[in-house]
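Colleague: The residues making up each chain are set out below.
Protein chains: 4
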Amino acid sequence: MVVVMSADATEEDISHVVERVESVGGSAFVSKGVVRTIIGLVGDIDSFHGLNLRTMTGVADVHRISDPFKLVSRQHHPDRSTVWVGQGEHRVPIGPDTFTFIAGPCAVETSQQTLEAVEMAKAAGATIMRGGAYKPRTSPYAFQGLGEEGLRILADVRTVTGLPVVTEVVDARDVPVVAEHADMLQIGTRNMANFGLLQAVGDAGKPVLLKRGMTATIEEWLMAAEYIAQRGNLDVVLCERGIRTFEPSTRNTLDISAVPVVQAKSHLPIIVDPSHAAGRKDLVVPLSRAAIAVGADGVIVDVHPNPEQALCDGPQALLGSELRALAQAVRQLPPAVGRIS
Amino acid sequence: MVVVMSADATEEDISHVVERVESVGGSAFVSKGVVRTIIGLVGDIDSFHGLNLRTMTGVADVHRISDPFKLVSRQHHPDRSTVWVGQGEHRVPIGPDTFTFIAGPCAVETSQQTLEAVEMAKAAGATIMRGGAYKPRTSPYAFQGLGEEGLRILADVRTVTGLPVVTEVVDARDVPVVAEHADMLQIGTRNMANFGLLQAVGDAGKPVLLKRGMTATIEEWLMAAEYIAQRGNLDVVLCERGIRTFEPSTRNTLDISAVPVVQAKSHLPIIVDPSHAAGRKDLVVPLSRAAIAVGADGVIVDVHPNPEQALCDGPQALLGSELRALAQAVRQLPPAVGRIS
Amino acid sequence: MVVVMSADATEEDISHVVERVESVGGSAFVSKGVVRTIIGLVGDIDSFHGLNLRTMTGVADVHRISDPFKLVSRQHHPDRSTVWVGQGEHRVPIGPDTFTFIAGPCAVETSQQTLEAVEMAKAAGATIMRGGAYKPRTSPYAFQGLGEEGLRILADVRTVTGLPVVTEVVDARDVPVVAEHADMLQIGTRNMANFGLLQAVGDAGKPVLLKRGMTATIEEWLMAAEYIAQRGNLDVVLCERGIRTFEPSTRNTLDISAVPVVQAKSHLPIIVDPSHAAGRKDLVVPLSRAAIAVGADGVIVDVHPNPEQALCDGPQALLGSELRALAQAVRQLPPAVGRIS
Amino acid sequence: MVVVMSADATEEDISHVVERVESVGGSAFVSKGVVRTIIGLVGDIDSFHGLNLRTMTGVADVHRISDPFKLVSRQHHPDRSTVWVGQGEHRVPIGPDTFTFIAGPCAVETSQQTLEAVEMAKAAGATIMRGGAYKPRTSPYAFQGLGEEGLRILADVRTVTGLPVVTEVVDARDVPVVAEHADMLQIGTRNMANFGLLQAVGDAGKPVLLKRGMTATIEEWLMAAEYIAQRGNLDVVLCERGIRTFEPSTRNTLDISAVPVVQAKSHLPIIVDPSHAAGRKDLVVPLSRAAIAVGADGVIVDVHPNPEQALCDGPQALLGSELRALAQAVRQLPPAVGRIS
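The listed protein sequences derive, respectively, from chains V, W, U and H.
Letter by letter, the first sequence follows residues 1 to 341 in the numbering used here.
Letter by letter, the second sequence follows residues 1 to 341 in the numbering used here.
Letter by letter, the third sequence follows residues 1 to 341 in the numbering used here.
Letter by letter, the fourth sequence follows residues 1 to 341 in the numbering used here.
Treat the hints with care, since some could be wrong.
Repeated chains share a single entry, so a pair holds when one copy, or any two copies, can fit it.
[Said to hold, decoys possible] Simulated crosslink set (DSBU-like; lysine-lysine; CA at most 30 Å straight-line):
{"#": "1", "residue 1": "122", "residue 2": "32"}
{"#": "2", "residue 1": "70", "residue 2": "32"}
{"#": "3", "residue 1": "32", "residue 2": "265"}
{"#": "4", "residue 1": "122", "residue 2": "265"}
Since the hints were made in silico from the structure, they are not lab data.
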């Protein structure tokens with residue numbers, strides 16, 4: 001931490017800062033500049049946070065130097081992690097050596113629609129299925145998902161297809177029932193900072209897919225992962241799904257740079273969701289190609305056997321020729337960047 | 001709703017859209033332009049949403065024309081509403097005729113700190129007290145609030161000061177206990193789209209203070225209010241607290257225009273939180289003046305008897321001379337814009 | 001400046017940084033933390049910029065501590081400045097003691113329209129007139145302004161009304177002719193970082209109204225003012241006119257906090273343009289009230305005798321009842337916040 | 001165009017709109033809904049813009065349906081264009097069949113530095129060289145480029161290496177001299193809306209590289225290209241270089257989706273600048289891979305023989321191992337997505 005004093009700070013102001021830092025066992029190095037003084041702090045950063053240095057007389061600014069996350073940081077865990085999803089012979093890795101393709105319907109609507117969508121996905125190369133039983137919707141008048149009935153459909157489709165299930169949980173009260181049926185719990189973009197829910201999935205004993213909040217910085221996102229990790233669950237996969245910007249031609253702006261930035265800071269795997277980022281099916285294939293090439297550990301996409309009938313996000317679901325193009329990209333491109341597809 | 005066909009849409013594509021609209025009882029008006037055809041839809045807009053028109057062949061775009069919210073809209077409720085907070089002789093209005101000053105500590109830390117802060121606030125003219133017992137924090141290592149013990153402190157301070165209590169609830173499981181102690185339930189910026197929590201406070205029988213998500217559009221915010229209203233609770237007060245932008249000199253950018261924009265669209269009262277928007281105490285007084293002048297129905301600010309000891313957001317808490325300046329503004333400016341202060 | 005070394009930086013890396021800093025006459029203070037080392041630099045900051053410290057081995061980050069602007073900074077010029085516009089008896093101040101109301105048509109279209117608009121403005125209390133002869137337009141097919149003919153109309157209207165003229169210049173080649181006719185040169189939002197133009201107006205010997213780039217940080221804006229000041233022209237008035245955000249209900253988001261933030265950092269006057277920020281005439285009066293209350297030194301608004309016929313930005317031009325409401329606000333509110341109106 | 005009437009619009013208001021549309025030769029189709037009426041306009045859209053329909057009584061909103069650009073649109077020019085840069089045997093294509101690698105120093109500093117950088121670039125596979133003689137800098141105290149001397153250095157290096165030159169022009173007055181020395185004129189991000197400069201390069205008879213404004217929408221960017229095209233110059237190559245968002249870990253956020261979005265709307269080629277988007281050299285290789293995979297027609301990157309000595313943007317210049325990794329990606333990946341590299 002570095003404390004920047006204002007130009008008119010007095011010697012006494014500087015001494016007060018030094019004393020307060022030393023009072024919690026820290027050391028303070030004072031550098032007097034021509035215009036202003038800066039004070040470098042050395043010691044336990046968490047203890048400094050409680051000091052409210054920014055409120056002290058003569059203090060102009062306080063710069064944090066270290067990353068605030070610990071368990072998910074690559075600093076003390078330089079090797080990138082692999083998270084395994086599913087049971088027994090159906091276990092699927094997500095990590096640095098492989099490229100994992102996750103697909104399925106945005107929402108579980110019926111047994112038949114879910115099975116058809118997942119069989120399309122599997123035929124295209126997907127090894128984990130997605131599908132929403134609990135849907136967070138902007139409008140209280142929109143389809144909110146089938147709930148527990150949807151979970152049972154997903155479990156049935158897993159029995160038929162063998163693909164492990166990732167599905168979203170939106171309320172801490174639902175975590176036990178979702179964890180009972182699913183292989184991986186998804187935290188959606190709107191809940192990335194729902195800290196009670198993060199702690200609940202941290203306690204649930206299943207891997208977690210943590211989507212980036214659509215307006216969260218990468219640091220805030222890694223802090224959300226830290227909430228889960230702090231409960232003893234390090235099986236967290238991050239998912240970049242677009243951030244909110246001023247550009248209206250896509251629903252969100254896919255922050256493709258987030259993939260290498262996260263990989264430099266954290267050991268956790270990171271995948272990309274091009275469907276929700278773009279909100280347009282014509283962009284899903286090119287953005288998936290970009291995700292593979294930039295080094296993502298996987299992609300997650302929406303497919304639907306009949307998008308015109310979809311109860312949720314039909315415009316972004318792939319079908320037919322697009323899905324074949326995606327299948328081809330997922331087969332051919334990862335080896336070109338050194339991964340097993 | 002207006003459907004815009006692509007330039008290469010066929011007559012058959014157009015007919016399909018018209019048929020689908022008519023299949024749910026709507027009417028479709030076709031306007032053929034030089035380059036493209038547009039189709040105006042008339043009927044029940046909710047039934048149109050399920051049609052997935054955007055996925056149909058030949059459809060380039062679908063424009064929504066009406067606002068998606070209903071119960072909170074001013075369209076069928078032209079008079080702006082007043083929400084009453086507290087019981088009996090201590091009831092306080094928030095609405096179009098008055099200007100309501102809410103103040104208190106960011107977090108409840110101890111009985112004494114809370115009482116001192118609320119007495120400072122009351123002396124400066126505040127008529128409702130704020131204070132957090134459950135704190136959503138970006139870091140799992142930061143102070144998370146006293147929980148139920150904090151609620152009891154707030155209730156005790158209410159007994160002493162007579163000021164009704166508004167406090168945040170962050171988890172649907174906590175709504176009953178918070179509703180038991182508080183007079184108004186606050187939904188914080190990170191939970192604006194936590195729909196399960198919105199429904200829970202909608203059922204709780206107490207007025208709600210709904211902060212804007214730091215990255216929510218005004219329409220999304222009003223849809224969040226609609227979630228509460230849909231459970232039968234129309235006692236919702238909106239609170240503008242800054243949005244996330246690229247400007248780093250303030251923690252968030254106070255969207256002062258949101259006040260008249262919301263007042264034109266919704267009958268619900270709207271107040272401003274300059275403390276959390278700016279994150280700097282030197283801006284609280286000028287931004288509070290701006291809030292009064294733009295026509296807000298109130299402000300909510302952080303005060304602390306000793307900001308240097310605050311466990312949360314010390315840098316933005318007012319004290320001494322600033323609080324006196326704010327008290328003066330709250331007394332003098334509302335009458336200059338036609339309100340009782 | 002503070003150099004933050006990476007966790008794996010060697011002693012040699014640290015020595016290299018120290019040597020390089022000392023090679024340009026600076027001093028380097030090394031603080032070794034538990035995890036990483038930070039180095040505080042003292043000396044001439046401009047010489048440090050050329051060192052490319054960020055590219056050196058072992059350097060993780062470089063934090064700038066001081067503001068990069070000098071001439072426009074309040075640090076060595078604590079009193080806020082007043083800029084005078086116009087000649088002789090018609091000179092009008094813009095500064096900390098007064099509130100200046102500038103109004104006129106967005107674009108000069110005809111002599112009559114301009115005169116009518118300016119007389120409306122004057123009757124409402126305006127003391128400086130605005131009007132565009134050169135219009136930067138997003139579309140090459142839109143009305144681009146009357147050019148020099150427009151300048152002559154503005155000068156004629158000044159003769160009739162006595163109001164000094166502020167008008168935009170969009171090309172460095174036009175600066176001499178605009179400076180010949182106008183009393184104040186406006187740099188529009190799209191040209192805030194057109195450095196050649198900034199230097200040209202810096203040389204022109206007339207006061208400058210510098211609008212904020214719609215996506216510029218406050219620091220970048222003050223650096224643009226520094227470009228003008230560096231040519232010897234300190235008669236610069238800043239104008240906040242909204243920034244680009246994700247919120248679609250207003251054309252831009254008025255950053256009302258920019259007023260006190262700028263006033264804390266710079267001695268230059270700052271005014272607000274609510275018309276271009278909102279792009280909606282129903283918001284101009286409430287936002288003008290907010291501007292006065294927050295402490296702005298003036299406002300600049302669009303008026304048009306017949307907005308339905310306007311060639312530019314008709315939807316935001318005030319007329320009739322709105323202009324009377326604004327006139328009243330401009331008369332009554334400034335005294336309530338300690339200014340002469 | 002679609003005009004949306006407000007809920008309380010009268011029959012007379014509707015008639016006025018219809019009459020005004022018809023007065024310029026357009027047709028108006030009226031669709032009366034349950035709550036409000038919408039009017040579809042058919043005819044010459046440019047004539048409708050002058051009508052100021054948004055200012056008319058009873059009009060709630062006006063939605064534009066068609067794209068506002070024409071010459072650069074793919075609508076009447078479905079085949080994607082190829083732009084050729086340079087003379088004779090050294091002509092290099094930028095377009096849909098090839099992948100073009102442009103590289104060189106951010107700024108021209110000396111003959112030797114420029115030659116070394118360009119030889120590095122050529123060895124890595126670059127076929128066009130970049131280098132700045134005129135540098136737009138945020139600070140008036142920063143290195144502003146060598147000007148005409150820099151142009152001569154670039155021309156000399158072209159003689160030695162055979163690579164055509166792209167260089168930035170920042171002032172309309174400099175266009176003739178830059179066009180005399182360079183093979184392609186670059187418009188930088190800060191000048192994307194400098195309309196006089198756009199027109200000047202439109203008249204200069206050389207291909208143009210048009211960078212996206214860091215806060216421009218894709219539509220505004222294509223309108224800027226339209227300004228150039230309207231002067232008769234269709235040899236415009238677009239360059240995505242990152243947009244301004246709230247995410248601080250990269251200098252800008254590379255909007256990778258812009259590539260397929262632009263390719264769907266416009267026939268112009270589009271390339272990517274990962275160096276300026278990220279501002280960090282460790283991201284240049286992964287982002288270049290993503291650019292190739294998403295379908296970009298080329299990349300432009302900064303290289304410097306000695307980044308620690310660079311006068312501009314040293315931290316993002318590639319060297320050694322990174323440049324070799326980039327050279328490999330540029331050789332191997334384009335064929336995997338169907339292009340000649």
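Colleague: Work down the list of hints and note, for each, if the structure agrees.
Modeller: Taking the hints in turn, this is what the structure says about them:
1. 122 - 32: neither (65 Å within a copy, 43 Å between copies)
2. 70 - 32: For residue 70 and residue 32, only the inter-copy Cα distance (20 Å) is at most 30 Å; the intra-copy one is 32 Å.
3. 32 - 265: between (33 Å within a copy, 22 Å between copies)
4. 122 - 265: Neither way: residue 122 and residue 265 sit 33 Å apart in one copy and 33 Å across, limit 30 Å.
Against the hints set out earlier in the document, violations occur for numbers 1 and 4.
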